[in-house]
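Protein chains: 2
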Amino acid sequence: MHHSWFKGDFSPANETKVFINDLGLLRGYGLFDYFRTYNLKPFQWDWYWERYERSAKLLRIPNPITKEEAFEVVTKLIAMQGVQDCAIRFLLTGGYSTDSVTSPEPNLLIVSEELHPSKEADYEHGIKVITHEYVRDLPTIKSIDYKHYMILQQDLREQNASDVLFVKNGEISELSRSNVFLINGKKLITPNENILEGITRKTVLELAKADFEIELRAVTLMELLAAEEVFTTSTTKRVLPISKVDEHIIGSGKIGAKTQALLDKINALVEAW
Amino acid sequence: MHHSWFKGDFSPANETKVFINDLGLLRGYGLFDYFRTYNLKPFQWDWYWERYERSAKLLRIPNPITKEEAFEVVTKLIAMQGVQDCAIRFLLTGGYSTDSVTSPEPNLLIVSEELHPSKEADYEHGIKVITHEYVRDLPTIKSIDYKHYMILQQDLREQNASDVLFVKNGEISELSRSNVFLINGKKLITPNENILEGITRKTVLELAKADFEIELRAVTLMELLAAEEVFTTSTTKRVLPISKVDEHIIGSGKIGAKTQALLDKINALVEAW
Chain R
73 MHHSWFKGDF SPANETKVFI NDLGLLRGYG LFDYFRTYNL KPFQWDWYWE RYERSAKLLR
133 IPNPITKEEA FEVVTKLIAM QGVQDCAIRF LLTGGYSTDS VTSPEPNLLI VSEELHPSKE
193 ADYEHGIKVI THEYVRDLPT IKSIDYKHYM ILQQDLREQN ASDVLFVKNG EISELSRSNV
253 FLINGKKLIT PNENILEGIT RKTVLELAKA DFEIELRAVT LMELLAAEEV FTTSTTKRVL
313 PISKVDEHII GSGKIGAKTQ ALLDKINALV EAW
Chain W
73 MHHSWFKGDF SPANETKVFI NDLGLLRGYG LFDYFRTYNL KPFQWDWYWE RYERSAKLLR
133 IPNPITKEEA FEVVTKLIAM QGVQDCAIRF LLTGGYSTDS VTSPEPNLLI VSEELHPSKE
193 ADYEHGIKVI THEYVRDLPT IKSIDYKHYM ILQQDLREQN ASDVLFVKNG EISELSRSNV
253 FLINGKKLIT PNENILEGIT RKTVLELAKA DFEIELRAVT LMELLAAEEV FTTSTTKRVL
313 PISKVDEHII GSGKIGAKTQ ALLDKINALV EAW
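In the order they appear, the protein sequences are chains R and W.
Each residue of the first sequence is one higher than the last, beginning at 73 in the numbering used here.
Each residue of the second sequence is one higher than the last, beginning at 73 in the numbering used here.
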């Protein structure tokens, strides 16, 4: 059973509540981070913690917990939920406010959640994404601001698409909750600005070093549409091929050999975690 | 005592809670509206309701209540809080979600709150605002996204400023939670794009028709700094003079005669509401 940790107490996740004067709810003033376990051990904990701390600093919400205390909470939440792997969410908001602006202290919630893995077929055939003219506001911060993605839910359903690719003035940045990579020959290319620096992105860049020339730079949509292979990376997706962008077929229209090799590499890494 | 209405139940506002899987909290997927009473009657109810409905439509969150039902709730909340004037907040979020994205139904909360009026001295001397390079994301929607304003709280305190004026590429749009007007001779000028169309803005435009030539158009920061008088309008501020923008003094450095005349007009309107 999944539990939450909030203000020092553990309780069942589906019974945990916050007062309505929380600044996350009233003012969208909040950030989160999200990682998963493999073999019941948090994957890349050091990197996720570092990013959580950086988001808090950039959004100017004081982080109320040390890394050691947080790790103890995480360990306990994993043990409480049972023997399956799970996700862990940190949610840090501006806290409770009596005037809708100021607050004496932030609210930090840590909660274990069920995993929502991608479909097996998607790893073979790739997913379809639709483009949307937008670049995330304060993109280096993992803020809770997903309103553009949420507004587009209906378009995604109507167009049988799995996700949104953000494009601004012809340059791509990222998907709603994951990074994007191109492969051309020996080159592995991914945007390096206006993005959230994903932990899986960082992991894949490490794994790819030996076999690819890596280019971190601005990438146009035209370049992406003409790429041999395209894939996306995230905590839950690992390495997931993209086979269609709007109505354009990418490469062979299914997972490419080099994307498959990177997927195999990360699968081997997480299995041995 | 202030109360909330949530899912059909009335309860004390300071005891009302939401589950942590609300999409407002997890994904910043929410909007609100906010109005006040004068003589215990909701001010410009029809206009506020219309804006709330428009925000919901644009953010694609289904509005779960009719105007008549909402008015009944508002009337009851006003009666429950006593004999003083109060504010009423509508907060509409994407609702509870088991996968952090989809939800069977939205969450609507209606709550009465204490008013936080501006200081009397500010109406005489005017307020200081600081400029910030930004234009609100989806500005015509009253979404809960105030992260830029929240991040700037420390700057506001350090610079003894009351609010933030958003400027993008030399053009002004609005303050964090209010509209901005310039007066030059017989001209009353206010931006008409990239703004939330304030109900007090609309009220002031009505009141000013007889005495001013009204210009609704793009306005540069240079033009604002050189204006004879500048003021801001909002539900709680009504007409509040701005006497300083960063380190520039506006006009005489205190409330101007024409701003005072508009303030007198709106004060007369609300007193007789």
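Bear in mind the hints are in silico, worked out from the structure with no lab data behind them.
One should not assume that every hint holds.
Which copy is meant is left open, so a pair is good if it fits within one copy or across any two.
As the list claims (entries may be wrong) - Computed cross-link-like contacts, EDC-like style, restricted to lysine to aspartate or glutamate with a CA-CA straight-line distance of at most 20 Å:
hint, residue 1, residue 2
1, K258, E177
2, K191, E205
3, K191, D171
4, K89, E177
5, K258, E300
6, K148, E87
7, K139, D336
8, K129, E230
9, K79, E186
10, K258, E186
Please read these numbers as outputs of a predicted model, since none were measured by experiment.
Structure-based check of each hint:
Taking the shortest alpha-carbon separations for K258 and E177, neither the intra-copy value of 50 Å nor the inter-copy value of 48 Å comes in at or below 20 Å. In this assembly of identical chains, K191 and E205 lie within 20 Å of each other by CA distance neither inside one copy nor across copies; the values are 27 Å within and 42 Å between. Taking the shortest Cα distances, K191 and D171 sit within 20 Å of each other only across copies (15 Å), while inside one copy they are farther apart (45 Å). In this homomeric assembly, K89 and E177 come within 20 Å of each other (Cα to Cα) both inside a single copy, at 17 Å, and across copies, at 18 Å.
In the homo-oligomer, the alpha carbons of K258 and E300 lie at most 20 Å apart inside one protomer (11 Å), although the nearest pairing across protomers, at 63 Å, exceeds that limit. Only within a single protomer do K148 and E87 lie at most 20 Å apart by alpha-carbon distance; the minimum there is 18 Å, versus 29 Å between protomers. For the identical chains of this complex, K139 and D336 are neighbours neither inside a copy (31 Å) nor across copies (56 Å), given an alpha-carbon limit of 20 Å. With identical chains, the CA atoms of K129 and E230 are at most 20 Å apart between copies only, with a shortest distance of 18 Å across copies and 39 Å within one.
Within a single copy, K79 and E186 get their C-alpha atoms no closer than 22 Å, and across copies no closer than 27 Å, so neither meets the 20 Å cut-off. In this homomeric assembly, K258 and E186 never come within 20 Å of each other (Cα to Cα): the closest approach is 37 Å inside a single copy and 63 Å across copies.
The structure fails to meet hints 1, 2, 7, 9 and 10 from the earlier list, while all remaining hints are met.
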